[in-house]
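All chains should be modelled from the sequences, with the hints used to inform the complete structure.
Counting from 240, one number per residue, gives the positions in the sequence shown under this note's numbering.
The set of hints was computed from the structure by calculation and includes no laboratory data. One thing to keep in mind: the hints can contain errors.
Unchecked claim - Distance windows between CB atoms, simulated:
hint : residue 1 : residue 2 : range
1    : Pro252    : Asp334    : 20 to 26 angstroms
2    : Thr254    : Gly286    : 30 to 36 angstroms
3    : Arg302    : Thr250    : 33 to 39 angstroms
4    : Asp334    : Leu273    : 33 to 39 angstroms
As the structure is a prediction and not an experimental result, all values here were calculated from the model. Think of the CB as a built atom: it goes at the ideal place given N, C-alpha and C, for glycine as much as any other residue.
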Amino acid sequence: YHELHASALITSPQTDEADVTNMGAFVAQLGVDLHLGRLVGLSAQSGMLIDGCALAATLSQPRSPWRIASPLIHQDPQEYNEIASRSFVSRYRWDSGMQSEP
Numbered sequence: 240y241h242e243l244h245a246s247a248l249i250t251s252p253q254t255d256e257a258d259v260t261n262m263g264a265f266v267a268q269l270g271v272d273l274h275l276g277r278l279v280g281l282s283a284q285s286g287m288l289i290d291g292c293a294l295a296a297t298l299s300q301p302r303s304p305w306r307i308a309s310p311l312i313h314q315d316p317q318e319y320n321e322i323a324s325r326s327f328v329s330r331y332r333w334d335s336g337m338q339s340e341p
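Structure representation (structure tokens):
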């Protein structure tokens with residue numbers, strides 16, 4: 240219940256006193272992960288619903304959206320470097336200079 244309260248999905252961390260907030264009701268209707276649902280809800284409140292939905296869909300994927308270079312699979316150094324370079328450039332553009340990528 241503490242995580243639900245910290246995410247502003249319920250009004251109190253105490254189980255007996257907690258009511259579902261408007262955001263909590265919205266996220267519950269989506270039927271997705273609570274964090275992704277909150278992302279969609281916050282993006283809707285900010286007027287960026289399409290972007291929030293696209294980001295939530297991308298984050299819900301079990302694999303990275305970028306191609307990963309592996310020396311075990313890509314044994315040609317030129318091919319390996321090309322894949323790694325394109326992936327880096329794409330991540331950099333997606334990151335928009337925020338340095339959030341490890």
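Hints broken by the structure, by number, lowest first? Going through the list in order, the structure violates hints 1, 4 and respects the others.
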